[in-house]
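First to last, the protein sequences are chains W and L. Residue numbering for the first sequence follows the working numbering, starting at 1 and increasing by one per position. Residue numbering for the second sequence follows the working numbering, starting at 1 and increasing by one per position.
Treat identical chains as interchangeable: a pair holds within one or across any two.
Listed below are the simulated SDA-like cross-link pairs for lysine to any residue, each with C-alpha atoms no more than 20 Å apart in a straight line:
| hint | residue 1 | residue 2 |
| --- | --- | --- |
| 1 | Lys21 | Arg293 |
| 2 | Lys274 | Pro240 |
| 3 | Lys156 | Gly271 |
| 4 | Lys262 | Gly272 |
| 5 | Lys21 | Tyr127 |
| 6 | Lys274 | Gln238 |
| 7 | Lys140 | Gly190 |
| 8 | Lys274 | Asp260 |
| 9 | Lys262 | Arg246 |
| 10 | Lys274 | Asp243 |
| 11 | Lys274 | Pro236 |
| 12 | Lys156 | Gly268 |
| 13 | Lys274 | Arg259 |
| 14 | Lys274 | Thr241 |
| 15 | Lys156 | Glu269 |
| 16 | Lys274 | Ala239 |
| 17 | Lys274 | Gly261 |
| 18 | Lys156 | Lys274 |
| 19 | Lys38 | Lys80 |
| 20 | Lys156 | Gly272 |
| 21 | Lys274 | Glu237 |
| 22 | Lys274 | Thr133 |
| 23 | Lys274 | Tyr155 |
| 24 | Lys262 | Pro277 |
| 25 | Lys156 | Gly270 |
| 26 | Lys140 | Leu299 |
| 27 | Lys38 | Glu50 |
| 28 | Lys274 | Arg246 |
These are computed hints drawn from the structure, not numbers from a lab. Keep in mind it's a predicted model, so treat the numbers as computed, not measured.
2 protein chains.
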Amino acid sequence: MRICLIGVTGHIQYVFQGMAKDPVCRIVGVAPGSPGEKTGRLAGRPEVREARFYTDYRQMLDELQPEIAVVACYFSDHAKVTVEALMRGCHVFVEKPLALTFDDLALVKKAYTASNRHLAAMFGLRYTPWFLTAWESVQKGMIGRIRLLNAQKSYKLGRREEFYHRRASYGGTLPWVGSHAIDWIHWFSGERFCSVYASHSRCFNRDHGELEITALAHFTLTNEVFASVTLDYLRPEQAPTHDDDRLRLVGTEGIMEIRDGKVFLLNGEGGGPKELPLLPAGDIFSDFLRQVRGEGPSLVTAEDSFYITEAALAARRSADEGRVVLFPAE
Amino acid sequence: MRICLIGVTGHIQYVFQGMAKDPVCRIVGVAPGSPGEKTGRLAGRPEVREARFYTDYRQMLDELQPEIAVVACYFSDHAKVTVEALMRGCHVFVEKPLALTFDDLALVKKAYTASNRHLAAMFGLRYTPWFLTAWESVQKGMIGRIRLLNAQKSYKLGRREEFYHRRASYGGTLPWVGSHAIDWIHWFSGERFCSVYASHSRCFNRDHGELEITALAHFTLTNEVFASVTLDYLRPEQAPTHDDDRLRLVGTEGIMEIRDGKVFLLNGEGGGPKELPLLPAGDIFSDFLRQVRGEGPSLVTAEDSFYITEAALAARRSADEGRVVLFPAE
Numbered sequence: 001m002r003i004c005l006i007g008v009t010g011h012i013q014y015v016f017q018g019m020a021k022d023p024v025c026r027i028v029g030v031a032p033g034s035p036g037e038k039t040g041r042l043a044g045r046p047e048v049r050e051a052r053f054y055t056d057y058r059q060m061l062d063e064l065q066p067e068i069a070v071v072a073c074y075f076s077d078h079a080k081v082t083v084e085a086l087m088r089g090c091h092v093f094v095e096k097p098l099a100l101t102f103d104d105l106a107l108v109k110k111a112y113t114a115s116n117r118h119l120a121a122m123f124g125l126r127y128t129p130w131f132l133t134a135w136e137s138v139q140k141g142m143i144g145r146i147r148l149l150n151a152q153k154s155y156k157l158g159r160r161e162e163f164y165h166r167r168a169s170y171g172g173t174l175p176w177v178g179s180h181a182i183d184w185i186h187w188f189s190g191e192r193f194c195s196v197y198a199s200h201s202r203c204f205n206r207d208h209g210e211l212e213i214t215a216l217a218h219f220t221l222t223n224e225v226f227a228s229v230t231l232d233y234l235r236p237e238q239a240p241t242h243d244d245d246r247l248r249l250v251g252t253e254g255i256m257e258i259r260d261g262k263v264f265l266l267n268g269e270g271g272g273p274k275e276l277p278l279l280p281a282g283d284i285f286s287d288f289l290r291q292v293r294g295e296g297p298s299l300v301t302a303e304d305s306f307y308i309t310e311a312a313l314a315a316r317r318s319a320d321e322g323r324v325v326l327f328p329a330e
Numbered sequence: 001m002r003i004c005l006i007g008v009t010g011h012i013q014y015v016f017q018g019m020a021k022d023p024v025c026r027i028v029g030v031a032p033g034s035p036g037e038k039t040g041r042l043a044g045r046p047e048v049r050e051a052r053f054y055t056d057y058r059q060m061l062d063e064l065q066p067e068i069a070v071v072a073c074y075f076s077d078h079a080k081v082t083v084e085a086l087m088r089g090c091h092v093f094v095e096k097p098l099a100l101t102f103d104d105l106a107l108v109k110k111a112y113t114a115s116n117r118h119l120a121a122m123f124g125l126r127y128t129p130w131f132l133t134a135w136e137s138v139q140k141g142m143i144g145r146i147r148l149l150n151a152q153k154s155y156k157l158g159r160r161e162e163f164y165h166r167r168a169s170y171g172g173t174l175p176w177v178g179s180h181a182i183d184w185i186h187w188f189s190g191e192r193f194c195s196v197y198a199s200h201s202r203c204f205n206r207d208h209g210e211l212e213i214t215a216l217a218h219f220t221l222t223n224e225v226f227a228s229v230t231l232d233y234l235r236p237e238q239a240p241t242h243d244d245d246r247l248r249l250v251g252t253e254g255i256m257e258i259r260d261g262k263v264f265l266l267n268g269e270g271g272g273p274k275e276l277p278l279l280p281a282g283d284i285f286s287d288f289l290r291q292v293r294g295e296g297p298s299l300v301t302a303e304d305s306f307y308i309t310e311a312a313l314a315a316r317r318s319a320d321e322g323r324v325v326l327f328p329a330e
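With the rest of the complex left out, here is chain W (with noise of 0.2 Å):
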């Protein structure tokens, strides 16, 4: 299996990762996808030791003619890159989102399905064993049927590249850090999305430019469940992780919850919240890998990854206009 990598902005350590158990597959290319990336950065790992490097990614597409395209440049040019692998033949794992807007989000549609290609965003958070975990539980009737969802992302701000501080380029904290959170609740739920209201700030955001630094989301799904998503880069730079990940799911027949890195059921068995034992990681390349070799479906889904962008340009767009954004959004 032949990979090509496309920028080196993204989470490329999960492809590094899959490869890991995964001999048969090779890393044969690696060009920046967006103006500024530095590739060379790659020198030396031994997982792109046999790859050429290019300074053209369609140069390198068209020479080497890979199975798979990794997309993982600037967030502004995900949407083109994809399209440009997707018409060459290549299946495509893309950081998310997708798209920074609805009209990229419908050429990569478009692109996709005419190519009858594989494609998976990176929401490689579902694999955590939290996650995972919770998920299993969840789809075991553990908790009921979920009523409410309330999500969380808080992370360190740091310093963060030029390129997160521009709209153009950077596409905002509802579609980068949120979409994660909007992807939780649309795969734990099951339910559609019906209507989003949000807003944004960037006051305090210590000279990032345009990147907002707090968000909250409210959408409303099928069968009258609701979900929160609360966003920030106010998380204390001593704190001990990055990130502070939460959800909660309030189902007709218990709570669950996934907080530092446990999972936490209220059921009413045994009186107070227990954690529930944890299952193994997952692997979200090696799954995407599964898929493209046909041996069943990924976990994420092209119809999610293409559903998920499309929420978190519907957030964005609501807190842009300050009015409630109704799906389908476009």
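Let chain W serve as the given structure and place chain L on it in line with the hints.
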């Protein structure tokens, strides 16, 4: 200090707790505030041993002329009874929400302004050790400026009295359960409400008529501060406590959380979150008595009591009508 109790439905234990520390307070009369309230359930309580029991609270107020009226009847009668008590020159300590309609709220405000008397709603949760400790810590600047708030109320449903089953008498979950959380948002942030978008659902309410078993609200406040309120009656009956109150405060210099009756501060000093030592509990009725005696303002002001009622009714209107409601909301 002579007190009359009107109604036995709300949190009248606040009054008993406050009286225990204040031997010059006496309950001189008890009457129902709503048809169907059984004041006989207080018979034998030492706090009412000197009280006369009436069937008509107006007659009671006219005959006994107490300094203080405690209003804690069915929620739909709070406003009317409060107006009657204010017009007779009583200070009023009243269960929240103060009113179930904007019209009723306006009547209470008008009567209050004309009365030159004191009024406070029963936002007793402010006086718990955890909320007092967090609030004092925020006042001292421990987390800088608050930018984002996430408030939670989760209750056991149990089997609620019939008057909870009808919107006309209960008023809705956003005003009844939500007004506490809405109070925290305003009290902690010091910001004013700009808009609210909310949702609520009666699905899976276990034969509780019109009672909304889940609700979610999204507030925007002055200075681009945002707040979520999540409410549910889905806490399992076997859980160790009736409620699961939480508040997360995201500030420019740190993050504070109230959870499980504890306060956690993450502000970069010493790595992970640290638990703060708790202040002793306060006492809302003692605080109200202090104000009545001219010894300084109560922590819960009349202005707060009106404003939080307005915000809760605005949230309910938003959920009923599926639209953003702007403040001032009438």
